[in-house]
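Protein chains in written order, with numbering that gives the first Met the number 0: chain G, 0 to 329; chain E, 0 to 329; chain C, 0 to 329; chain H, 0 to 329; chain X, 0 to 329; chain Y, 0 to 329.
Hints are computed from structural coordinates only; laboratory data are not their basis. Incorrect hints may have been included.
No more than 27 Å apart at the CA atoms, straight line, and that leaves these computed lysine-lysine pairs for DSS-like [said to hold, decoys possible]:
#1 E:K32 x H:K42
#2 Y:K57 x Y:K99
#3 C:K42 x X:K32
#4 Y:K42 x H:K32
#5 C:K42 x G:K42
Only part of the chain C face toward chain H is listed, based on derived beta-carbon distances under 7 Å [unchecked claim]:
#6 K53
#7 Q71
#8 R176
#9 H177
#10 A180
#11 Q183
#12 V269
#13 M291
#14 R313
#15 L315
C-beta: ideal position from N, C-alpha, C; glycine also.
Protein chains: 6
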Amino acid sequence: MPHQFIDQLQEGALVQQFFLLRQVETRTDKTGKPYLSLVLGDKTGTIVGRVWSKILAKCPGPFAPGDYVGVQGQVDAYRGEIQLTVNYLNTVQALEALGKDLKDFDPELLHLTTSYDRQQLWEELRQLAGNIQPPLGELVLRLLDRYQDLLLVCPAARLYHHPYLGGLLEHTWFVARHTLAALQVYPDLNPALALAGAILHDLGKVKEITSPTAPELTVAGQLLGHIALGWDMVREEARAMDFPDPNLLIQLEHIILAHHGALEFGSPMVPKTREALLVNVLDDLDAKLKMMSQHLESDASDNEFTSYHRVLQRGLYKGGKTAAPENSEK
Amino acid sequence: MPHQFIDQLQEGALVQQFFLLRQVETRTDKTGKPYLSLVLGDKTGTIVGRVWSKILAKCPGPFAPGDYVGVQGQVDAYRGEIQLTVNYLNTVQALEALGKDLKDFDPELLHLTTSYDRQQLWEELRQLAGNIQPPLGELVLRLLDRYQDLLLVCPAARLYHHPYLGGLLEHTWFVARHTLAALQVYPDLNPALALAGAILHDLGKVKEITSPTAPELTVAGQLLGHIALGWDMVREEARAMDFPDPNLLIQLEHIILAHHGALEFGSPMVPKTREALLVNVLDDLDAKLKMMSQHLESDASDNEFTSYHRVLQRGLYKGGKTAAPENSEK
Amino acid sequence: MPHQFIDQLQEGALVQQFFLLRQVETRTDKTGKPYLSLVLGDKTGTIVGRVWSKILAKCPGPFAPGDYVGVQGQVDAYRGEIQLTVNYLNTVQALEALGKDLKDFDPELLHLTTSYDRQQLWEELRQLAGNIQPPLGELVLRLLDRYQDLLLVCPAARLYHHPYLGGLLEHTWFVARHTLAALQVYPDLNPALALAGAILHDLGKVKEITSPTAPELTVAGQLLGHIALGWDMVREEARAMDFPDPNLLIQLEHIILAHHGALEFGSPMVPKTREALLVNVLDDLDAKLKMMSQHLESDASDNEFTSYHRVLQRGLYKGGKTAAPENSEK
Amino acid sequence: MPHQFIDQLQEGALVQQFFLLRQVETRTDKTGKPYLSLVLGDKTGTIVGRVWSKILAKCPGPFAPGDYVGVQGQVDAYRGEIQLTVNYLNTVQALEALGKDLKDFDPELLHLTTSYDRQQLWEELRQLAGNIQPPLGELVLRLLDRYQDLLLVCPAARLYHHPYLGGLLEHTWFVARHTLAALQVYPDLNPALALAGAILHDLGKVKEITSPTAPELTVAGQLLGHIALGWDMVREEARAMDFPDPNLLIQLEHIILAHHGALEFGSPMVPKTREALLVNVLDDLDAKLKMMSQHLESDASDNEFTSYHRVLQRGLYKGGKTAAPENSEK
Amino acid sequence: MPHQFIDQLQEGALVQQFFLLRQVETRTDKTGKPYLSLVLGDKTGTIVGRVWSKILAKCPGPFAPGDYVGVQGQVDAYRGEIQLTVNYLNTVQALEALGKDLKDFDPELLHLTTSYDRQQLWEELRQLAGNIQPPLGELVLRLLDRYQDLLLVCPAARLYHHPYLGGLLEHTWFVARHTLAALQVYPDLNPALALAGAILHDLGKVKEITSPTAPELTVAGQLLGHIALGWDMVREEARAMDFPDPNLLIQLEHIILAHHGALEFGSPMVPKTREALLVNVLDDLDAKLKMMSQHLESDASDNEFTSYHRVLQRGLYKGGKTAAPENSEK
Amino acid sequence: MPHQFIDQLQEGALVQQFFLLRQVETRTDKTGKPYLSLVLGDKTGTIVGRVWSKILAKCPGPFAPGDYVGVQGQVDAYRGEIQLTVNYLNTVQALEALGKDLKDFDPELLHLTTSYDRQQLWEELRQLAGNIQPPLGELVLRLLDRYQDLLLVCPAARLYHHPYLGGLLEHTWFVARHTLAALQVYPDLNPALALAGAILHDLGKVKEITSPTAPELTVAGQLLGHIALGWDMVREEARAMDFPDPNLLIQLEHIILAHHGALEFGSPMVPKTREALLVNVLDDLDAKLKMMSQHLESDASDNEFTSYHRVLQRGLYKGGKTAAPENSEK
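Okay, chain G solo, but in the shape it has when bound (with noise of 0.2 Å):
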């Protein structure tokens, strides 16, 4: 049975399917039972379930946000709103473990992706990486070969721009790039040094959000964050391959540490060179321009305004096409 989108079930559907289980908790029902209410994900959305407590005893788990869920259930209606009956749930590992056939287990259904090739990307970056005079070109390789099984699937930010697998890996590469051309026009600042910090700017990224499909922040990411992370990874590397040029190293690390561009955005430190301040500007409008893109696509009214954006903190223009928008006004 093919699988059914999320975005199109409709009242009273069956579905015997696999969904990505992002957030599972135990509560009790009025008389007392316990049961399990589920968000289950595919790449169009998410859908509430409940596992109510007879069904319990014959799905033992345990289950975790992040796994991969097999799914039997009715959808009803509650409330206006539709969610997801369970009569049957088992994680995919289990599953294959009971040689039940996971044949249309496709992971790439269950969560959203970038839309660009991951593979290509990252080959491109390291390409772009590779060209990068050393010692700063062979350090910045490094970590991105340390680090590559994350950043392939690491989403930028949880819940802002790119939230989605892949999503820190086109963040960096469109900052690189970026970086790339504006270094054409100022020649005169350091390109190793810029390109550098482009791409490693929020490598901290990966110790700061858990397991990409389901993502939330680490004790280290709340605690410490991925700025001191981030800075941390990069100190630790460069001691590991006893990186040569002390001075060149401290300009990289303060452009980790300032890319957030000022104290209160959570920078300990302004960015005091050209470099840091690049990489703040190009990091910070790159992740501007996806919110904009992201709301724009988002938004299906028939408005020539988009809602309101709680973080850009303003409605967007979509850019109709009307004739005359000053006439029609008066």
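Assemble the complex: chain G is given as a structure, and chains E, C, H, X and Y must be docked to it using the hints.
Positioned in the frame of chain G, the structure of chains E, C, H, X and Y alone reads:
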């Protein structure tokens, strides 16, 4: 006699040459007689001058900031600063009328000018504008041509960035070229709109700043500001050419009004399109990179950091080439 | 059948009357069929309406916010709120074309209007303008007359203060009269300038706000804003009448641009003349006093303070008449 | 010998006349001997004076800021500024005890005073208070009468607005009259409450500012502030007269506490009634209009704008009468 | 019948017991008849109750927030929440007058109370005050004794920290003890002044908050605030006891006025003595530590961080005891 | 010859003694010849010195800030300030190599030092650390011992608080002892964690500040900052000792990163544990109390308030002992 540059003048020197009159004020000496207090400039700096009352009779004037003047005098020290005691002062215009020899008069020596070839910048900018898709391209060319004389001389700001002849042209050229480069990375933006906005964003400055040689703000500049003035210039030109696409025009107008990026920086609107955001960010970036470059160049000390920059609110790292910055601190 | 006011409607009531259509949207029911979701209004409030798909066939429309509509239907309760299930819907315009009886149609019943006689406000405002010394008086009269139709209906704001038919006129009239009164206390200000500024300060709102009966912001309102638009209207009119005193005109233009008082409130300039400060302060005062009055009037509780006002960021004291406020707190 | 005004004194002049002693400090000269450093004032300005140690013996003092003093001395120049080398110094009080001739002593010459007739302001203010409905009218009159002596001399502020004898009275009179005028426009406010608040809002300043002739802040002024002090004065007087309407009283107290309009300006409460808002706004407006007027009057330059005003954070337009401001900018 | 705690009530339960009436409002049902909407509370939470119109006749009231009431009724579910349909309602006071059996009435069950023994806190605080050097010690004791009844019950705040019976006493006791401890580290501060300030800093809250059992802000609390009220209480008591050292007194008054530490937090003065700074900082610290403790205790989830705290503007780390936080993030 | 303290030097005095060289710069005199401009210091202050070019030949140097130098010269007055005209200058190191008599050289006379016995502070701090429960206690001791030499001399800040030898040690000792005292009041906090955080919070300052005798910021201090540097030092030491409890360690790391309390003060994280809040608050309190004490001590005037403190943004009350502060204001 060749021009003696102000930053080379020493106590006791005799001077007979041309200056740019930057400020002039009539004051009263201790005996109650009037004298002139001047600020004279050339491309290397400024020096205070005094025309005492007994001299004043033979220097009838009138004098105004921005005048080129011929000066005879002598360099004295007063409270530790050198100044010029003037024996004769007249405007170049008056000297010419008197038939004096002006062969040593060379305005290029007397004020700071962009280090780029202004004519070449102009042609490149015009060419860039010429490639913009109509009708925006036509609008941009009309405005460039209408204000060509002012654009070739106007500084980008009185004090902070590009404060010299041709500074506005240089700044515009950088922002435009960076916009062009960024459009390669973000091809889904409207290139004609972004480029037109980049070229026209600061056009109002030609009405905000008085005489480019001794720049002050005009009355319109102080009561209305270059953002509103520039918007009005675009709007009027569009009316004059009967601009055919009001929807496109209003987006260009929005870029002008929103190019300071936030209300508290003087834009009555925040950027609500991606093109407006791009121009806002690249404008700000160019101004800041230039302020940084200027500050780094003007710093003559041996320290590893510049002095504090009042607008950027930080000192800048000068990128010392010593081997071991962090070891040395222990 | 006389109009039943919305705030009096109860479950089960049958309705056959006219409304103002404030919002209209096509949605899909659970079986996938289209239906219309409406917001209908009269001067006492709004009610949600549904035109289910089977009804839709005989109600072809088109419908747009701001339309006056004739409605037949029945009041139901849905999740604790009453709503209108519509059996027939058509625009007054279409009904008229169909030769229907419209004798009960009275637009005055259908939207909130200033409690003042708009015609009288208009005449008083015009008279006040007529007393302004030329050439400013002439400029003001020309602008009032040019935009008379819009001024008679436009609200002062969509939501916050004077959000009703004629609200802008009422607000302008209050600010102008207060300015006149203040000039008695501060006779050294330029009265013509201050009064012209007071009358024209919000004129741009007639281009910022769409149809006054279902007010939204225009594209120009959202991309340019009423401050810039109003400035442009004054500037254009002055050009048209060949305004003879540019120095006076620029001070009037400054009042328009500066009337929000601070950059962070959207004025690209702070007030740099006493007249501009006066208009800025009295405008703000009238808006806030009106918001306070509206909030006090709309509060139906027995408490001594109103609920929190989101814009004013405070609750208001209702001035209880109990004998001993402080004793009672012990 | 007629009084020589300080702004007319020139190097070499001999002086034998009276001054207001504004500051006095004992210092040590380079040989270790004590001398007095003075600031002497009259209504046209201030001059620094020195009483060297050899003179000091015959000028026993004691001297305190605010004393009227008789001075003999000579005007010298020191580092480009004139100063007074004093040969004899004594207080008017001591001179009188010594039987000296004081016929040339005229305090009116010695300090800046409001340009209005203080006695007349006082009577008009008292009359205005007399028209306030009881019991508020009675409370206001009692407070005016109790503090009459201080109100007739106290400045409205040490430095910023109305910093002269009678300044507080003048400011209060303006705010009260503007309140009266505004009540014609907003007749639904409580007039007695608004007027009482307008008259009493700054009463605490008579306890915040020391000697009006050489104003400094009192200890209470610096540790408690005029807002709290004024509130306490009203509260005490109300207790003393057994004010019959506690509900009305607390609203008046609120006006005093809230009259700075926002917490960050030192009010512990924001205005929560319309009367409190009105007094807050008209107080602030009067202070700002006065600062503008003072700044415009004190500006002696030929520029079209004043110098930057540190409190208002702007330069002011002087309203030049030239024919064509905007043309001239091109 | 033993008290059934609100957090244990389930649909269908019959209830006959006492509650604290926290809110009460008369509303109109759909047929236009009046009914009462209640919020009933005990120490474990609150529940909504309805007294429908047919019942109302036998429950004449009057009822006010803060009343203890006897209730008979039944627990129903309405839109997913349980609520109480009331069959009988009367105040404890009226029941007593009717001679009803109140033996099950125990106020301690009905509201949240500090976990400390209030009588003991009170005695320790009084003892601490007794050790303060006169005359400050005497002043503090007089105030404690005068307001003892209120201090034993008043919460420290309505919502944010220590929002329960005796909360103000507990908070005061912590701040006072911490001040005592800090004085060991900073022995050069004036201990009597610091301790008196610590004990009295929030005294005004007993006039700011109404009935401690259902706390709301008084009119004086909202128009004047606890800072001004507390200052006035100290000032009056000092007058009453003819406090002998005005210099010391004004420093104590300053501590009260300045204890919020900054204008924007409602203090009309910033701390200008070290004792005022100390009290300001330790007050704020205790409130924040308590908010943190309350938030940590109230968080029932399995997550390593609490939910977001609206006042502290952060989530809190719950200090998980897992072995390896940072490893687990990879 | 005994050391003459700088604050006692008078014009004409001959000097032959040792100083601390705080700044040194090569300048050019009016004839174009080089001379040295010095700032020389001892524990009582600083004096400017000049080594004119003819003297320079016999004073080959090199000289650097932080050097102890022997000086012969004479005190002159220049523009009202005394300065030292130097006849001979050499470093103590070079003098020693030349076999000169250094018996009068006593570094203790030459720079400001904490008034506490540094050795005793050190031992008390170490003892306090020794009582911390392992493994945190061990980590703290390792770090104290590793950086003992720097901790014994480093100031707590260059300018604002504890800007003298041993200042960091003194500050740390106060914060640690206050933390210990606070833990008695708040026993439910983790004492080992709070104390370890208190002792280590500013450790990074030993890498942020250069030579303690003439403190400047290091390159690492300006590009990375003491917060990040201190965090890295703790992290590295923990790795070195194979710290067994990563969960505990990350909480300690968080205290270091969060100890400035807010992003805008340079912490990349806000405190998310109670221990982190406690260290943040007690650190800030100690710095502010010290700034207050320093400012009060340095104020020599007779006024009741100090001059304005630029960092604290207020003047401080000096706690005058006059009898009647408020009476005197009337």
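Going through the numbered hints above, which ones does this structure break? Give me the numbers in ascending order.
Hints 5, 6 and 7 contradicted; others consistent.
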